[in-house]
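Note that the protein sequences, when read in sequence, are chains A and B. Residue 1 is where the first sequence starts when you use UniProt numbering, and the numbers rise one by one after that. Residue 1 is where the second sequence starts when you use UniProt numbering, and the numbers rise one by one after that.
Don't take each hint at face value.
[Stated by the list, open to error] Pairwise CB distance ranges, derived in the manner of DEER restraints:
hint: 1; chain 1: A; residue 1: Phe221; chain 2: B; residue 2: Arg198; range: 41 to 51 angstroms
hint: 2; chain 1: B; residue 1: Lys141; chain 2: A; residue 2: Gly386; range: 51 to 61 angstroms
hint: 3; chain 1: B; residue 1: Lys320; chain 2: A; residue 2: Asp298; range: 21 to 31 angstroms
hint: 4; chain 1: A; residue 1: Glu190; chain 2: B; residue 2: Asn289; range: 33 to 43 angstroms
hint: 5; chain 1: A; residue 1: Arg358; chain 2: B; residue 2: Asp426; range: 47 to 57 angstroms
hint: 6; chain 1: A; residue 1: Asp298; chain 2: B; residue 2: Val254; range: 40 to 50 angstroms
hint: 7; chain 1: B; residue 1: Asn289; chain 2: A; residue 2: Glu362; range: 39 to 49 angstroms
hint: 8; chain 1: A; residue 1: Glu376; chain 2: B; residue 2: Arg197; range: 49 to 59 angstroms
Rather than coming from a laboratory, the hints here were simulated on the basis of the structure. Here the structure is a predicted model, which means the values were calculated and not measured. Positions of the beta carbon are idealized from the N, C-alpha and C atoms, including for glycine.
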Amino acid sequence: MPVEIDAATPYNFNKRYSEPAVSPRKPPIMNKLCRQVSIESPGPTIKDCVFSFEVPVPDVPPNGARIRVVCAGACYRIRRSPSISSVSSTGSVSSLSTELSLDQGLGGSVVGSLPRSSGSFSGTCNMPQSPAHHGVRDGALFPGYEVAGIVESLGAEVEDNAAIQEGDRVVLYPYDGVPHGYAEFIIVHELKYLVKIPDSVSLPVAAMLPTGALLAMNTVFNAHQYVEDILHQRGENGVCKILIVGTGGLALWAMRIASHHFKDTKMRVQLTVASLKDEGFLMAKEFKTVNVVQWSEDLYERQLIERTTDACNGEVDIVIDFGTTSRSLHRSLQCLSKGGVVFMCSEVAEKLMPKFSRLADERQQRIKAVDMGTIEQLQELVKLVGNGEIEPPPHTVFPAEEACKVMEKLCNSEIQGRAILQFYDAD
Amino acid sequence: MRQTEQILGGIEGLDTAEEQVTVSVPIRERCKDLILTDEVIAELMRRIARDVEKGLGKDTHKEAVIKCFITYVQDLPNGTERGEFLALDLGGTNFRVLLIHLGQNHFDMQSKIYAIPQSIMIGSGEQLFDHIAECLANFMKEHDVYSHKLPLGFTFSFPLQQLGLTKGLLETWTKGFKCSGVVGNDVVQLLKDAIKRRGDIQIQVCAILNDTTGTLMSCAWKNHNCRIGLIVGTGCNVCYVEKTENCELFDGDVNAKPDCIVNTEWGAFGSDGSLDIVITEYDREIDENSINAGKQLFEKMISGMYMGELVRLALVRFTKDKLLFGGQGSDFLFKRGNFFTKFVSEIESDKRGSFINCREVLGELGLAHATEQDCANVRYICECVSRRAAHLVSAGIAVLINKMKEPSLTVGVDGSVYRFHPHFHDLMVEKIKQLILPGIKFDLMLSEDGSGRGAALVAAVACREN
């Protein structure tokens, strides 16, 4: 039975435009409205980053499908323009639709290829600068698009024997052109962007895969070549040291994927996790082979660097840093050996690279931007998690209407592991 | 002058103002209560001197707020110490185990830092000491001294009533610790009990000391006229060499040795109202929200645990009064604990007229809309808070220097505020010079690992006796 989300939210319009609820036996009709939650990057005030409004149920594309969204990972979308903040002031559905259409027309995935606007070095940016919320530094909160749901309708021109059928449980690979919010119904123009989920994977777990796990996997894959080079240079007893920053969702995935990926060399790949919170300390300790160093933010930078190099028995060769601040990158570079490499999200790398390229050059260090991974990697992930070879991080499921509260908790790293928004109880 | 450092990797020159922006008049006015006049400092010195005497006196000790605990450390290093020693360093925000080899003019050290999770900091004392014993056992295993019985010096940087060189009762927890079952108990015995519960390692606890004693010993090993050990870090405390005959609570033969190190625990100064002449609304708010309200008032005006919060409270006040950031703050700024003390050092490390670090810090706080005038104001507020801290410490140090009547002496200093703040050393030197009696020469010497090396030296000196 579909469960209607409580309509009373602080962000609702004064008037509802939806038709009376139809009988569950009838398919939804074209002019029906559904609910959408949009999460922008957290600005100076957390409450300003979550928007909730109603949008038309989209028509099914002829070669694609309409997905009923069951679970969505709590990620934010990079804020594109100030005008999106004023969407709540839109007075009518028609202009709202216009706004949505214009926005969709821009294209670009939320992670990979947004239109760039360059900020000046002094910090006066065209885009409002995100403060260093704890959850952002920890990798608990990150930009992305993560949807898991059920195929509700197939397009008219989809072949009857297609690999994807109505009723299938799927995740959506975040291709260029994904919708910019989490609506109860979303469309995909081609079936190739859908990945079927095996029965052994729950939809909340599946929802974690398309950005968080995928980005972490691609980061580990990018690091792989460097690891091999270092192990080769250092001979049979040499060790390659990797530091993973944070114990939020991204870092927890990176830890698990790296442990799995390098398990055959595990005595020679030394993983250290920099924990930004005490709970993270305990969480990281579940892996006995992982070293943990605590990055208490109240310590001076030099103390943290000394502590980290002490814990790692010297400088590290590779840093995986999902934090998004100058401070985080600066600290990572200080812990990194000459010739070492830092991997970070491409979105963040582009912003920080100009400030740090000279500093990195002085020590022959490299800052590598990592894009979200490929759909093949996502398929591989689904398989590995489905087989139980990689265990997902802890997560908590919240009703979608609590998105604002969830964001606040994520900003403060108060949720262990990932937060999943649930629109519909289907498992 | 210490060299300023571009802490956050900012690019030089891009943010240098053509004209230097200085603090605005309204902010300067509002910060006046953070500036100590000479008259106020002189009065504070009189009160500190009085309270030190009270702490030393048998009849007045009980009521004294500056306790002047006797450490029973009566010898400074003289260079003859030899051997292999363990040290434990518990205090501030981390915990270390060290293995130290002492030779003639040579010193070899290996150490490891262990985290103390928040849950243990506020859990039971048994859990705390079991955690310490486990770290110690792991360390001894890693360094192949697992089966050795080594002398150990235990640096325990909390207010301690020492009843002997190896016996200390915890007076009260500070610095965020709040383990149950420890206050009033002998922490050496608690450590021994934890080690016995393990049953795998053996140690000989030769001394328990705090970080100020360790700092003094560490500097004295290098510089034999070192007589004062000062910590300005997470907490703030000082110890100094007193005449044994003045230590009226000394339990033993006061004529056996002329000197004895006294741990003042001066962080508690002001609990009786002696600081009312300088306390501001920010200090009161910090005290009210601390886990030890009404205590350690002097420490709360000086130490790194509170300095950042002092600045934050001032920023919040001035933002709400529309003197900063156009009256528009951020959730981040308004949340307690979000302005770290290191931010103060980073902001004051900017070259004059430049606001690179300041902008980075304000950006992290969701205040990217700050103007250049705002940056100049924020820097000024930081300077007022850190300068006040330096002057308060200097007043106390001057009291001790004047009391000891040594013609020339060194003060060994450690602690994150002293170590990392770009101007703290110079602010202190300048102020102490003003406040000490004519004819005295002094120097401030940065201790190298007083908590670790100092603990080993105390154990070594104790072994030298045996």
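Do the hints match the structure? See the list:
1. A:Phe221 with B:Arg198: 41 to 51 angstroms: 43 angstroms, holds
2. B:Lys141 with A:Gly386: 51 to 61 angstroms: 41 angstroms, violated
3. B:Lys320 with A:Asp298: 21 to 31 angstroms: 25 angstroms, holds
4. A:Glu190 with B:Asn289: 33 to 43 angstroms: 57 angstroms, violated
5. A:Arg358 with B:Asp426: 47 to 57 angstroms: 30 angstroms, violated
6. A:Asp298 with B:Val254: 40 to 50 angstroms: 43 angstroms, holds
7. B:Asn289 with A:Glu362: 39 to 49 angstroms: 43 angstroms, holds
8. A:Glu376 with B:Arg197: 49 to 59 angstroms: 54 angstroms, holds
Hint compliance for this structure: hints 2, 4 and 5 are not met, and every other hint is.
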